[in-house]
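Chain order of the listed sequences is A and B.
Oh and the first sequence: position 154 is 154 in the numbering used here, straight run, nothing missing.
To convert, take the position in the second sequence, counting from 1, and add 406; that gives the numbering used here.
Keep in mind that the hints were calculated from the coordinates and are not lab data.
Please note that a few of the clues may not be correct.
A few chain A positions that, by computed beta-carbon distances, are all more than 10 Å from chain B [as the list claims (entries may be wrong)]:
1) 27
2) 37
3) 108
4) 114
5) 179
Reference listing, derived: stretches of chain B covered by chain A, where coverage requires no fewer than 3 residues with Cβ under 8 Å from a Cβ of chain A [as the list claims (entries may be wrong)]:
6) 506–515
7) 533–544
8) 642–649
Idealized CB from N, CA, C, for every residue including glycine.
In case you want the letters, here they are:
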Amino acid sequence: MSIETEQTAKQTYPDARGHFGPYGGRFVSETLIGALEELEAVYEQLSKDPDFQAEFDRDLAHYVGRPSPLYHAERLSAKVGGAQIYLKREDLNHTGAHKVNNTIGQALLAKFMGKPRVIAETGAGQHGVASATVAARLGLECKVYMGAEDVKRQALNVYRMRLLGAEVIPVTSGTKTLKDAMNEAMRDWVTNVDNTFYIIGTAAGPHPYPKLVRDFQCVIGRETRVQSMTQIGRLPDAVIACVGGGSNAIGMFHPFIDDTSVRMIGVEAGGHGLATGQHAAPLSDGRPGVLHGMRTYLMEDDAGQILPTHSVSAGLDYPGVGPEHSWLKDLGRAEYVAIDDHEALDAFRTLTQVEGIMPALESSHAIAYAMKMAKELPKDKVLVVNLSGRGDKDIHTVADLDGITF
Amino acid sequence: MSRLKTRFDALSQSKRKALIPYVTAGDPNPQVTLPLMHALVSAGADVIELGVPFSDPMADGPVIQLACERALMHHVRLLDVIAMVAEFRKTDNETPVVLMGYLNPIEAIGYERFADAALAAGVDGVLTVDLPPEEAVETSQLFRDRGLDTIYLMSPATSSARLKQICEYGSGYLYYVSVKGVTGSAALNVGEVADKINQVRAMTNLPLAVGFGIRDPQSARAIADVADGVIVGSVLVNRIAELAESPDLIPEQVGQLIADMRSAMDA
Numbered sequence: 001m002s003i004e005t006e007q008t009a010k011q012t013y014p015d016a017r018g019h020f021g022p023y024g025g026r027f028v029s030e031t032l033i034g035a036l037e038e039l040e041a042v043y044e045q046l047s048k049d050p051d052f053q054a055e056f057d058r059d060l061a062h063y064v065g066r067p068s069p070l071y072h073a074e075r076l077s078a079k080v081g082g083a084q085i086y087l088k089r090e091d092l093n094h095t096g097a098h099k100v101n102n103t104i105g106q107a108l109l110a111k112f113m114g115k116p117r118v119i120a121e122t123g124a125g126q127h128g129v130a131s132a133t134v135a136a137r138l139g140l141e142c143k144v145y146m147g148a149e150d151v152k153r154q155a156l157n158v159y160r161m162r163l164l165g166a167e168v169i170p171v172t173s174g175t176k177t178l179k180d181a182m183n184e185a186m187r188d189w190v191t192n193v194d195n196t197f198y199i200i201g202t203a204a205g206p207h208p209y210p211k212l213v214r215d216f217q218c219v220i221g222r223e224t225r226v227q228s229m230t231q232i233g234r235l236p237d238a239v240i241a242c243v244g245g246g247s248n249a250i251g252m253f254h255p256f257i258d259d260t261s262v263r264m265i266g267v268e269a270g271g272h273g274l275a276t277g278q279h280a281a282p283l284s285d286g287r288p289g290v291l292h293g294m295r296t297y298l299m300e301d302d303a304g305q306i307l308p309t310h311s312v313s314a315g316l317d318y319p320g321v322g323p324e325h326s327w328l329k330d331l332g333r334a335e336y337v338a339i340d341d342h343e344a345l346d347a348f349r350t351l352t353q354v355e356g357i358m359p360a361l362e363s364s365h366a367i368a369y370a371m372k373m374a375k376e377l378p379k380d381k382v383l384v385v386n387l388s389g390r391g392d393k394d395i396h397t398v399a400d401l402d403g404i405t406f
Numbered sequence: 407m408s409r410l411k412t413r414f415d416a417l418s419q420s421k422r423k424a425l426i427p428y429v430t431a432g433d434p435n436p437q438v439t440l441p442l443m444h445a446l447v448s449a450g451a452d453v454i455e456l457g458v459p460f461s462d463p464m465a466d467g468p469v470i471q472l473a474c475e476r477a478l479m480h481h482v483r484l485l486d487v488i489a490m491v492a493e494f495r496k497t498d499n500e501t502p503v504v505l506m507g508y509l510n511p512i513e514a515i516g517y518e519r520f521a522d523a524a525l526a527a528g529v530d531g532v533l534t535v536d537l538p539p540e541e542a543v544e545t546s547q548l549f550r551d552r553g554l555d556t557i558y559l560m561s562p563a564t565s566s567a568r569l570k571q572i573c574e575y576g577s578g579y580l581y582y583v584s585v586k587g588v589t590g591s592a593a594l595n596v597g598e599v600a601d602k603i604n605q606v607r608a609m610t611n612l613p614l615a616v617g618f619g620i621r622d623p624q625s626a627r628a629i630a631d632v633a634d635g636v637i638v639g640s641v642l643v644n645r646i647a648e649l650a651e652s653p654d655l656i657p658e659q660v661g662q663l664i665a666d667m668r669s670a671m672d673a
C-alpha cells in the first residue's frame, strides 16, 4: 500500500552507540559487552536480510494473526460523548498481547545465532508467556525470571508458562518485582552467554535492545497508519498507549514521529496517585539516571537508589522506561501523563461493559486517559488507543478488589 | 603520585603480590566498616576495594546483593561511604582505597561533586562496574584530572581490540574478571587466566589484578603466581553475613581470612 512507502518516520535514532540524545547507551559490566556486541552485529546484518524479514512477516501473519484490527469503539465513543475512540486490537494477537511481536523477532534472532537456550524476565507474565510460546514452537529451552510478588499476583500466567514447558524462577531479591527479575536474568545471561539468548521484553536495557524491540513492535504503528487511511481516510489526531517499559507505546508512536499533526500520548501508572510517591511514573515524576544498562528517567531517591514502585498492573510496575521515551519527552514530541489505579480499574469495567472487550489492566490506563481526553474534544476528532493486551490474566486481581475469591 | 602506584611499585620491588579485599561499606551496619578496614590492613591487605551499596547490583551475585541490602537498611549513601574513607585516612595514609560500585549513585550527586569529595577524603581510585570505557570518555578525564585512578574490568569475553582500548583508559591497576559469571561464581581456571593475563601484559605496564572465584588460600596463591594482585570479595562478605548478628566479631574473623591468604601468597 502506498501509504506505507510514503511514511518517513525517522529511523536514524539511536546513533551508532545506541544513544537517543542523552539517553540510552550501554551501561553494563564489561562481562556483558561481548554478548551485546555480537547481538548488535547479528541484528545489523539480519535486519537488512530479506529472508529474515520475510520469515518475521510470515510468522506475524500466520502465527500471531496479524494484522490486528483497528476497531471503532462506537458505543464507548457515544458514552463519553466526544472524540471518536478507535482501538488497535493487540489483545487479539496469539497469546493475548503485543509482547509476541517482539518475542517472535528475538526468537528468530536466537535461531539464526544458533543459541539453544533463551531466558526472559517478566512482570505481568505476558512477556514470559510470549517467550515460552515461541520457545516451545522453536524447540528452545526457556527459563523465565519473575519477581516473587508477581508470581503471586499472576498465578494464571505462571501456570501457562509451565504448561508451555518453561521453567519459572521466582526472584526474591530487592523488591521482588520486574526490575529484580531483570537483574536476575542479566546475571543468568552473563554466566551462560555462550549458549543463551536473552529475550528482553520491553524497549529498554542496553543497546541494541531498545532499538531492536522497537523495530519489532513498529508493526503496530505501521498497520495503524494504513488502517487509519483506509477506514477513516486520514491519520488520527492522537495515538495513546500505556507506558511501563514502553514497548507497545514506542511500537505505536515510532511510525508517527514525523507526522506532527498526530499527538503521541504515553500513559504511565499513577498507582495510588503521583502525590503519594507510590506509583510507577518516572517520566511524570522522576529524573534521569542509569539503570539496567541505559540512561533514562528513573524513580530514584536523592542518593541514587532505585525506589520501589506501585501499580495495580504488574506490567507497568517498573521504575525506569525505555530511553526513546525519555528523549521524546525532552523533545516535546510525545506527551506523558499518569492514570491512577482507580481510574484504570474504572476504565477496565467500562470497556468490558460497553464494548464487550476486557482490556489488560496495563492497557486500561491508556483507555482511561483516552476517555478523559475524548470528552473534551469534538466528535470529528479521532483518538487511537493501543489496546496492548487482553484482561483475562487480571481477573483474579479485579476479583480480589471486589472481595471475591474463587 | 597516586597511592596505588606507590603501593604497586613497592610490592613489585619486594617481589610480592597485592592482596585486595572487597567489602561493602555499611554491611551489616555502618559502625563495622572502619574497624574492619583497619583489620584488613593489619592482616595483610595491600589495597581495599570498598563497595558502595546500590539497590540493583546487576553484575554481582546474590552474596553482594544481600550485602547491599543490609547496608541500605541503614541508608548508607555514597557520601557516607566517602566520609568513612576520610575517617580511615586519619590513621592510615598509605593503604590505597578504591570505591567500587555502580554509576547511578555517582550520577545522583554529580560527577564533579563526587570527584572533589572523594579526592578530599583520600579515595585513590574509582571502579564503576556499569561504566565501560566507551561511556566514560568525560568522566574518565574528569576523574583523572583530579588524580583519581580509573579502574576498568576485563573479562574472558573481551576482544583483543577492546583489551587495548581498556589498557589506554585504565589507571592504577586493571581488574581481570576470571570467570564468565557474577561475583561469587565458582569454577576458576588458573590456566585460562594465565593465558589472558599474559596477553594483556604485552599491552600495558599497569598492574593486573584478578577477581571473581577466589575463595581460599590455595586459589589466592595460584592466582598470585600469574597476576600482580588477587581480589577477594564474596568469601569475605559471606563471613560478614554469617556474623551479622554479632558484628563485633567481624573485623577479627574476616581479618583472619585475609591473613590466611596472605600467608599462602607469601609462602
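Here is how each hint holds up against the structure:
1. 27: violated, 5 Å
2. 37: violated, 8 Å
3. 108: holds, 24 Å
4. 114: With a cut-off of 10 Å, residue 114 (chain A) remains clear of chain B, as the shortest Cβ separation is near 17 Å.
5. 179: For residue 179 (chain A), whose nearest Cβ neighbour in chain B is about 6 Å away, the distance does not exceed 10 Å, so it is violated.
6. 506–515: holds (count 8)
7. 533–544: holds (count 6)
8. 642–649: It is violated, with 0 qualifying residues against the three required.
Checked against the numbered hints above, the structure violates hints 1, 2, 5, 8; every other hint is satisfied.
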